[in-house]
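S.K.: Here are the chains, one letter per residue:
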Amino acid sequence: MIDRDEVLHVARLARLALSEQEIEPMARELSAVLDHVATISELALDGVEPTSHVVEMTGALRPDEPRPSLPREVALAQAPAVGDEGFAVPSPQA
Amino acid sequence: MSESSATGAFEPVIGLEIHVQLATATKMFCGCELSFGEPPNTRTCAVCLGLPGSLPVVNARAVHFGLMIGLALGSELAPRSVFHRKNYFYPDLPKGYQISQYDEPLCIGGKLDDVRIHRVHLEEDAAKLTHVGESGRIHGSDASVVDFNRGGTPLAEIVTEPDIRTAEQASGWLKLLRTTLRSLGVSDVNMEEGSLRCDANISLRPTGTDELGVKTELKNMNSFRFIERGIKAEIERQRKIIEGGDWVVQETLHFDPNSGAISSLRSKEEAHDYRYFPEPDLLPVAISQEMIDAARADMTELPADRAARLQRELTLSPESAQQLAFRAGLADFFEAALAVQVDVSAQTLANWVTVELAGRLDDGDPAEAQVTPRALAELAGMVASKQISVGAGRQVLDKLVAHGGSDPAAIVEAEGLAAIGGGDELAEIVAAALAANADAAERVRAGNEKAIGPIIGAVMRETKGRADGAEVTKLVNEQLGI
Amino acid sequence: MSAADILNLTAVSAAEAIDTGELSAHELFETYRARAAADRAAGEDGLNCFTWVAEETDASHGADGSTPRAPLSGLPLAVKDLFCTEGVPSQSGSRILEGYRPPYTATSVARLKGAGAKLLGKTNQDEFAMGSSNENSAYGPVRNPWDRQRVPGGSSGGSAAAVAAGLAPWALGTDTGGSIRQPAALCGIVGMKPTYGAVSRYGMIAFASSLDQAGPLTRDVRDAALMLAHMVGRDPCDATSLELPHEIATPSAERLDGVRLGVPEELTGEGIEAGVLEAFQATLECARELGAQVEQVRLPHAPHALAAYYVLAPAEASSNLARFDGVRYGLRAEGAEDLLDMYTRTRHDGFGAEVKRRIMLGTYALSSGYYDAYYGRAQRVRTKISEDFKSAFGQVDFIVTPTAPTVAFKLGEKTGDPLAMYLNDYCTVPMSLAGIPAISIPCGLSDGLPVGFQIAGPAFSENGLLDAAHALERLLAFDGSPAHV
Ligand SMILES: [Mg+2]
Ligand SMILES: [Zn+2]
Numbered sequence: 007m008i009d010r011d012e013v014l015h016v017a018r019l020a021r022l023a024l025s026e027q028e029i030e031p032m033a034r035e036l037s038a039v040l041d042h043v044a045t046i047s048e049l050a051l052d053g054v055e056p057t058s059h060v061v062e063m064t065g066a067l068r069p070d071e072p073r074p075s076l077p078r079e080v081a082l083a084q085a086p087a088v089g090d091e092g093f094a095v096p097s098p099q100a
Numbered sequence: 004m005s006e007s008s009a010t011g012a013f014e015p016v017i018g019l020e021i022h023v024q025l026a027t028a029t030k031m032f033c034g035c036e037l038s039f040g041e042p043p044n045t046r047t048c049a050v051c052l053g054l055p056g057s058l059p060v061v062n063a064r065a066v067h068f069g070l071m072i073g074l075a076l077g078s079e080l081a082p083r084s085v086f087h088r089k090n091y092f093y094p095d096l097p098k099g100y101q102i103s104q105y106d107e108p109l110c111i112g113g114k115l116d117d118v119r120i121h122r123v124h125l126e127e128d129a130a131k132l133t134h135v136g137e138s139g140r141i142h143g144s145d146a147s148v149v150d151f152n153r154g155g156t157p158l159a160e161i162v163t164e165p166d167i168r169t170a171e172q173a174s175g176w177l178k179l180l181r182t183t184l185r186s187l188g189v190s191d192v193n194m195e196e197g198s199l200r201c202d203a204n205i206s207l208r209p210t211g212t213d214e215l216g217v218k219t220e221l222k223n224m225n226s227f228r229f230i231e232r233g234i235k236a237e238i239e240r241q242r243k244i245i246e247g248g249d250w251v252v253q254e255t256l257h258f259d260p261n262s263g264a265i266s267s268l269r270s271k272e273e274a275h276d277y278r279y280f281p282e283p284d285l286l287p288v289a290i291s292q293e294m295i296d297a298a299r300a301d302m303t304e305l306p307a308d309r310a311a312r313l314q315r316e317l318t319l320s321p322e323s324a325q326q327l328a329f330r331a332g333l334a335d336f337f338e339a340a341l342a343v344q345v346d347v348s349a350q351t352l353a354n355w356v357t358v359e360l361a362g363r364l365d366d367g368d369p370a371e372a373q374v375t376p377r378a379l380a381e382l383a384g385m386v387a388s389k390q391i392s393v394g395a396g397r398q399v400l401d402k403l404v405a406h407g408g409s410d411p412a413a414i415v416e417a418e419g420l421a422a423i424g425g426g427d428e429l430a431e432i433v434a435a436a437l438a439a440n441a442d443a444a445e446r447v448r449a450g451n452e453k454a455i456g457p458i459i460g461a462v463m464r465e466t467k468g469r470a471d472g473a474e475v476t477k478l479v480n481e482q483l484g485i
Numbered sequence: 005m006s007a008a009d010i011l012n013l014t015a016v017s018a019a020e021a022i023d024t025g026e027l028s029a030h031e032l033f034e035t036y037r038a039r040a041a042a043d044r045a046a047g048e049d050g051l052n053c054f055t056w057v058a059e060e061t062d063a064s065h066g067a068d069g070s071t072p073r074a075p076l077s078g079l080p081l082a083v084k085d086l087f088c089t090e091g092v093p094s095q096s097g098s099r100i101l102e103g104y105r106p107p108y109t110a111t112s113v114a115r116l117k118g119a120g121a122k123l124l125g126k127t128n129q130d131e132f133a134m135g136s137s138n139e140n141s142a143y144g145p146v147r148n149p150w151d152r153q154r155v156p157g158g159s160s161g162g163s164a165a166a167v168a169a170g171l172a173p174w175a176l177g178t179d180t181g182g183s184i185r186q187p188a189a190l191c192g193i194v195g196m197k198p199t200y201g202a203v204s205r206y207g208m209i210a211f212a213s214s215l216d217q218a219g220p221l222t223r224d225v226r227d228a229a230l231m232l233a234h235m236v237g238r239d240p241c242d243a244t245s246l247e248l249p250h251e252i253a254t255p256s257a258e259r260l261d262g263v264r265l266g267v268p269e270e271l272t273g274e275g276i277e278a279g280v281l282e283a284f285q286a287t288l289e290c291a292r293e294l295g296a297q298v299e300q301v302r303l304p305h306a307p308h309a310l311a312a313y314y315v316l317a318p319a320e321a322s323s324n325l326a327r328f329d330g331v332r333y334g335l336r337a338e339g340a341e342d343l344l345d346m347y348t349r350t351r352h353d354g355f356g357a358e359v360k361r362r363i364m365l366g367t368y369a370l371s372s373g374y375y376d377a378y379y380g381r382a383q384r385v386r387t388k389i390s391e392d393f394k395s396a397f398g399q400v401d402f403i404v405t406p407t408a409p410t411v412a413f414k415l416g417e418k419t420g421d422p423l424a425m426y427l428n429d430y431c432t433v434p435m436s437l438a439g440i441p442a443i444s445i446p447c448g449l450s451d452g453l454p455v456g457f458q459i460a461g462p463a464f465s466e467n468g469l470l471d472a473a474h475a476l477e478r479l480l481a482f483d484g485s486p487a488h489v
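Protein chains in written order, with my numbering: chain A, 7 to 100; chain B, 4 to 485; chain C, 5 to 489.
The set of hints was computed from the structure by calculation and includes no laboratory data. A couple of the hints might just be wrong.
Pairs of lysine to any residue residues, derived as SDA-like cross-links and limited to a Cα-Cα distance of at most 25 angstroms, are as follows [said to hold, decoys possible]:
1. B/Lys114 x B/Asp308
2. C/Lys418 x A/Met7
3. B/Lys89 x C/Tyr374
4. B/Lys453 x B/Ala434
5. B/Lys131 x C/Glu341
6. B/Lys222 x C/Leu344
7. C/Lys394 x A/Asp52
8. C/Lys394 x B/Pro287
9. B/Lys131 x A/Pro98
10. B/Lys131 x A/Glu71
11. B/Lys89 x C/Tyr375
12. B/Lys89 x A/Ala23
13. C/Lys418 x A/Ser25
14. B/Lys218 x C/Ser372
15. C/Lys394 x A/Glu62
16. B/Lys131 x A/Glu91
17. C/Lys418 x A/Ile29
18. B/Lys402 x B/Leu364
19. B/Lys89 x A/Leu14
20. B/Lys89 x C/Ser372
21. B/Lys178 x B/Leu305
22. B/Lys89 x A/Arg18
23. C/Lys394 x A/Val54
24. B/Lys178 x B/Asp368
25. B/Lys131 x A/Gln84
26. C/Lys394 x A/Thr45
27. B/Lys131 x A/Pro74
Distance windows between CB atoms, simulated [stated by the list, open to error]:
28. A/Ala50 x B/Gln292: 32 to 40 angstroms
29. C/Ala377 x B/Glu371: 58 to 66 angstroms
30. B/Ala300 x A/Ala38: 54 to 62 angstroms
31. B/Asn223 x C/Gly339: 30 to 38 angstroms
32. B/Glu246 x C/Asp353: 48 to 56 angstroms
33. C/Ala377 x A/Asp11: 17 to 25 angstroms
We put the CB at the ideal spot given by N, CA and C, even for glycine.
Please build the complete structure, drawing on both the sequences and the hints.
M.R.: Okay, structure coming up:
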């Protein structure tokens, strides 16, 4: 149902590296679940509204009032790599 | 306006995508204050850093500003507006998705001047990613650093229909949009500071047809000049490709203002699959009549309406009315000057503002100009009442713009620019000019009116432009017995 | 009071004992703290319920400075690892958050602490709440105190096992498709999932945002009511939270006269273990004794709930877990060649097998060309399931089912077969999709292992549910003590 290439494409979208040994089992397990999920394709759902939220109300908005921000050292405290007062990452241009 | 002839058999089809940073106090989904050059990462919290467990809550004023924009553009305001997640990975995007809007935007349709609006929606800005090059701190040769101060700033994205045909029209229309948004007070709309950002979708089609060619998206044009140059360059590039018998490929392009070169931009997620789905952390926003009324109540007069009013109430020419209303601050200056009771027609005063003053300020803001509305009004009055000549008036305005000062009369006094009235003094100067230009005088007497030019020129030189042209002509004719 | 006496107190009675001065908050806290610390120290030989346990406190500053009169009078509280607790490890059972200490505390935890509860420890769980056996934790499986060779259920397995084993008087958990109710059932305790929105999600490390709800895991129904009463309410930090139309009351019902209980054939037939069905039927008899009317109802779309759930939950999860990218916190893979390499290897090394599976599943279901066939359809099935419940509640007051199709199973028994594992949530997922409240109470034993009885009601029927559960609980008089020793 879902083949090796699809697995690799989806893994790329999800930014997930898969080792060679992980690809085939992943394809098999996803296919099994998707086969089960496919049962909903038999239901007649034309004209049925989709449910995104079960809460039957609309969003409460936030007043535009400032709240204190975190000190920089707290914001950066858990970062794997820090540089120039910011979060350091491998350059996207690299 | 129409220079599409430049592309001959092909007609450019241009649509704009404008991102406007909203001038709220806090970010789109958290209480952090907006950042204006604060030190990096000092305006962040659990929400705008995308910390685990944090949740967004919509800023009510951002919605309010969005509705004001929709009203200003004549959009239909959606009764129910839904936020979606736009999923992609990039270091300036802390959650791995941008909270934006997809198929249920805040405002649908609309029109500004001659360009139709497709939609207006709200979203959050990305953080600032700075390339710092070699870094020992992290493995890998090249490093960038993320500052999340800007991340989460409220944005209104305004998308036009492809109704624009030339680069000039694009920048001209964008200026009108900027003036409109500024008059609403919803944004600083400053391109250099990035609070107004514009991308252009550009394609060519055989002139006269209405098919749509393959379009490219031109990004990062951060000034009005670059927008014109960028769009021109892209139109040229596409024309060469098509005339060379090749195909334009759909891609995102980057315009380099320095080199004027256009290069293909590496897209954020090469497989463009944003996997939009309704943001489960935010319920749909219901737009109530109260919210719409509140937005309308905060609206000031819009440039287009103002132009119509100036034309209607003051019988200004349509050109003058638009020049005043569509440029930020100019109409305010004009109406302030008009309020100073001097004996000069509204149209004449408008000309002084749109031609003489605007010409001397080029793109500057009249509000910041040295010259005050009262000073310009008095100056216009002195010229109208012939106390000084038009030429002298221009000289006085030069001084007012350069050095300020609120009293044109004083400058006239100091510079001795007062008009030389009828009297003997001017008559003598005219006589001298006739003597010095005898042959010209002959031709004038012989009926060649054009020949009077050199004579008047001589008089003006002698009087440093203080003489009134009409008065001089009168005296010339008298002395030549015509 | 002897340690044994203390351990036999429910949270409610312990609070009373503290208020009357029979028991000091410090003594209570230290009794449980010592047991929790011992279990943590025992490692493999213990139950592995905790991923962090509070430091020893001295009597002087008593119950964390909380005033003796505070409603929860210093009661020790075990909190599922995925709740953010300021300065205290909050790892959601994942390697990718190893050692992560948040700068803020989840609203629900803050409210309970504000009411006088004191943080005893953080409990083990399936990674990012994805699992039904607690075998998906990066910090090792939790064992069931009724049988160490068996799973406690999941994903709130550490919370459930800790309460059952007397390592905590009560615990906070979360339920997305059954993650409170199923482990409560497998460990022989009470677990409740409130109406979606009743409790703030702010500070809960998200699994599936439109389904996640926090709730209590407790010894009995009155404890559940007490904890819930101090958690619920609108939170300005969670746009999906709301104010309940009524306060949570202390359950007092002793009879069920006139209460109509609906038994959906779709959730009480095939797939349910015989011993579980027996205990369920026996409990229906007790309900009748208390005056309840038991009727058949239909939930025609309930059999499709699991399929819809395994589209919607992974889809939301795939997006919720995108923030774990090695940039701002948590694990970053060493020696990355470039940004893409850093992302993909960090997430490969940081996430466990089940989490990867669901990220892949959710990404696939949302990817272009598949959205309508999967996500769009699943949302419509969700609508039909809500409609099924609405019409059923037009006929009966509550719907009752077995909480889980089986009793606690053996460690490793289902790890090889994801689908078999997912079936644990067969009876609990429909209520999650409908966002309605449901409670599981222990109703008996099958092969010496606890069986859970689930009662579900319409949105905001918490008080009715608690009363019905309380009345049943009294008659059933389930003995949970085997798990203590
Ligand atoms: Mg945008
Ligand atoms: Zn913030």
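S.K.: Is B/Lys89 close enough to C/Ser372, meaning Cα to Cα at most 25 angstroms?
M.R.: 12 angstroms, holds
S.K.: Is the hinted pair B/Lys89 and C/Tyr375 satisfied, with a Cα-Cα distance of at most 25 angstroms?
M.R.: Status holds; Cα separation ~14 angstroms.
S.K.: Is the straight-line distance between the alpha-carbon of C/Lys394 and that of B/Pro287 25 angstroms or less?
M.R.: 23 angstroms, holds
S.K.: Quickly compare the C-alpha distance for B/Lys218 and C/Ser372 to 25 angstroms and report which way the hint goes.
M.R.: Holds. B/Lys218 to C/Ser372 sits at ~21 angstroms (cutoff 25 angstroms).
S.K.: Please check whether B/Asn223 and C/Gly339 have a Cβ separation lying inside 30 to 38 angstroms.
M.R.: 33 angstroms, holds
S.K.: Quick one, are B/Lys131 and A/Gln84 close enough, alpha carbons at most 25 angstroms?
M.R.: Holds: B/Lys131 and A/Gln84 sit about 19 angstroms apart, inside 25 angstroms.
S.K.: Straight-line Cα separation of B/Lys222 and C/Leu344 no greater than 25 angstroms?
M.R.: Distance ~23 angstroms between B/Lys222 and C/Leu344 Cα, so the pair holds.
S.K.: Holds or violated: B/Lys131 and C/Glu341, Cα atoms, limit 25 angstroms.
M.R.: 22 angstroms, holds
S.K.: Mind checking the alpha carbons of B/Lys131 and A/Pro74 for me, to see if they're no more than 25 angstroms apart?
M.R.: Cα-Cα ~21 angstroms, so holds.
S.K.: If you draw a straight line from the CA of C/Lys418 to the CA of A/Met7, is it 25 angstroms or shorter?
M.R.: With a Cα-Cα distance of about 23 angstroms, the restraint between C/Lys418 and A/Met7 holds, given a limit of 25 angstroms.
S.K.: Regarding the pair C/Lys394 and A/Asp52, is the alpha-carbon distance no greater than 25 angstroms?
M.R.: The hint holds at about 20 angstroms.
S.K.: Assess, step by step, whether the Cα of B/Lys178 is no farther than 25 angstroms from the Cα of B/Asp368, and give holds or violated.
M.R.: Measuring from Cα to Cα gives roughly 13 angstroms; hence the hint holds.
Hint check: no violations occur; every hint is consistent with the structure.
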